[in-house]
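Asks: Using the sequences provided together with the hints, build the complete structure.
Residue numbers (our numbering), protein chains in the order written: chain A, 1 to 406; chain B, 1 to 181.
Calculated from the structure, these hints are not laboratory results.
Glycine is no exception: its CB is placed at the ideal position from the N, C-alpha and C atoms.
Among the hints, erroneous ones may be present.
What the hints assert, rightly or not - Restraint-style ranges between C-beta atoms, simulated for each label pair: (1) A/F295 to B/V156: 23 to 29 Å; (2) B/E115 to A/W140: 22 to 28 Å; (3) A/L197 to B/D97: 35 to 41 Å.
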Amino acid sequence: MTRLPLILAAQARFPAPEFESYTLPQMTLEELASDTVLWRVLILAVFLAAGALCFYKWRSRKAMLAYSLAGLAVFGFVFASCPCPVGMFQNIAQGVADGSYIPPGVLLLFALPLAASLFLGRIFCGGACPLGAIQELLHWKSIFVPRPLDRILRMIPVLLLMIFTVCAIFGIGFPLCYLEPYLPVFLLDFATPFAILSAVFLLVGLFVSRPFCRYVCPYGVLLRFFSLFSLLNPRITTQECVNCRLCEQGCPNGAVLPPENAGTAAQHRTGSRRISLLAACIPFALFAGGLLGYFGAPVLSSFHRDVRLQNELDAGIRSEAVEAFESSETTAAELRSRVVKLQNGILLASTAAGVIFGALVMAELIAEARRRKEEDVYSIDASLCFCCGRCYAACPLERKEKHHEK
Amino acid sequence: MTRRELIRTGLLALIAAPFASLFRKREETGTGYFWQIDPDKCVQCGKCETECILAQSAVKCVHQYASCGYCLFCSGYYQDKRIEFNTAGENMRCPTDAIIRTYVEDPYFEYKIDEEKCIGCGKCVKGCLAFGNGSLFLQVRRDLCRNCNECRIAKVCPADAFVRVPADRPYIYRKPPEVKS
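Replies: Below is the structure:
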């Protein structure tokens, strides 16, 4: 039995009576519609400009803290964080993949921070992102993550970007938004099971700076890549660096690079040997990535609604979804063919994503192993800098200059 | 133009590329950005009440008066296992007493949803659909909904009844019965 005729039949059951002195009340639902997405885009643009002013012009840690606070208040609590630019890549991926309409608000939310990162670095992460802001403000004592471990953990967001994009393209869902750890905080509702996740992230965040930004956020991968080509780059001090190392110790995100010397001939030899070894490993990395994707695909597709429904049908489980399916107009054959098509698509995409992930890991390793430009001052790796302004506060030259200005 | 500038221009173009989709012709049934329940797909499982991230769900029951039969006996109002036709708790369908019944003229009664009390459990919707005209149905209230990018209810909805709708048509109504001229 299909559902639609049932309703049509139901409507004929009791015809509306003809009243003498009674008018039908109007439905006033339309008056309750509200769309704040474009407002959010506008406010975000203002925020990014203000952040650039605080970070590049006033060069002040205090101003950046105020910027974070404002960002947390406005985007975190007023707009309740969702939808935020961080998850928008999923909407874009889905829209591009299935050809559905992507509203301009969504496009702008996605594009604005990326465009800003091409000119201003990761100013969005600094405080206009509510997730970044809450981590920035709820950080107490820094435990420095050792550099090699940091490099390994930093590949997690890349992997997540790959997985989540595949999920979005095939309609499995938006896992990033589902598992967003700070949402219970923004909604001030701790009665959900997701509150455990927020507690873990907030607790880790007290000691490790920005655990979500550095080791989870997939949008951060895009911002990181784009900010490599940023027009403006943060400089620790406008004066001549005295190599006191205080900025390096002050940066909990590992974004301050120590001076690079010319290196001895022996170091050059080991360096170039390491790079050729890495280059030789590329095919293996691609293959391993592909394998990972190939064997991960069934796990991914099992999260899809249709695949799950098909599995329940096959196993003979009488779930609500099965009952709803049986009263719908879709036939079993249609569902079956859709599921097979889905599974094949996910297998292909997941394998491709695995190969790309392998390539990106190798690119990161080679970039890490290659020789940096010789420099005798401490500098900032713009792609890792979250624009928090701690190095400005740590630099004695900067402090002296600020003091003189007063 | 330096290499950096060239790359920057290229990346800007890459960001701008998805905007091309704005020039595409939007279909009549084009998807939008707001979550809504398709009343024809809804099976009243009761998950709307419990799964929403808000403490009180943004889903509420809506009454489409135009298709209501104004019955004396309303199967959305009274419980199946009622003892008597009166407003004692054990006779009522609604667990929060959110349906207000007012006398119109013999033998018709108007049924109105008290939105403060409605929790979006869908029990009355199920009752109305089982015996009546189906004039009660669940909708996501745009003034309450936070419009999460990944709606928690949509994720668990067994009937896949959650759809995205455009901002200018944020509600999905049930087709009202044909008016006899």
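Asks: Now tell me, hint by hint, if it's right for this structure.
Replies: Now for the hints, and whether the structure bears them out:
Judged by the Cβ atoms, the range 23 to 29 Å given for A/F295 and B/V156 holds: they are separated by roughly 27 Å. At roughly 44 Å, the beta-carbon separation of B/E115 and A/W140 lies outside the given 22 to 28 Å, and the hint is violated. Between A/L197 and B/D97 the beta carbons are some 36 Å apart, a value that agrees with the proposed interval 35 to 41 Å.
Checked against the numbered hints above, the structure violates only hint 2.
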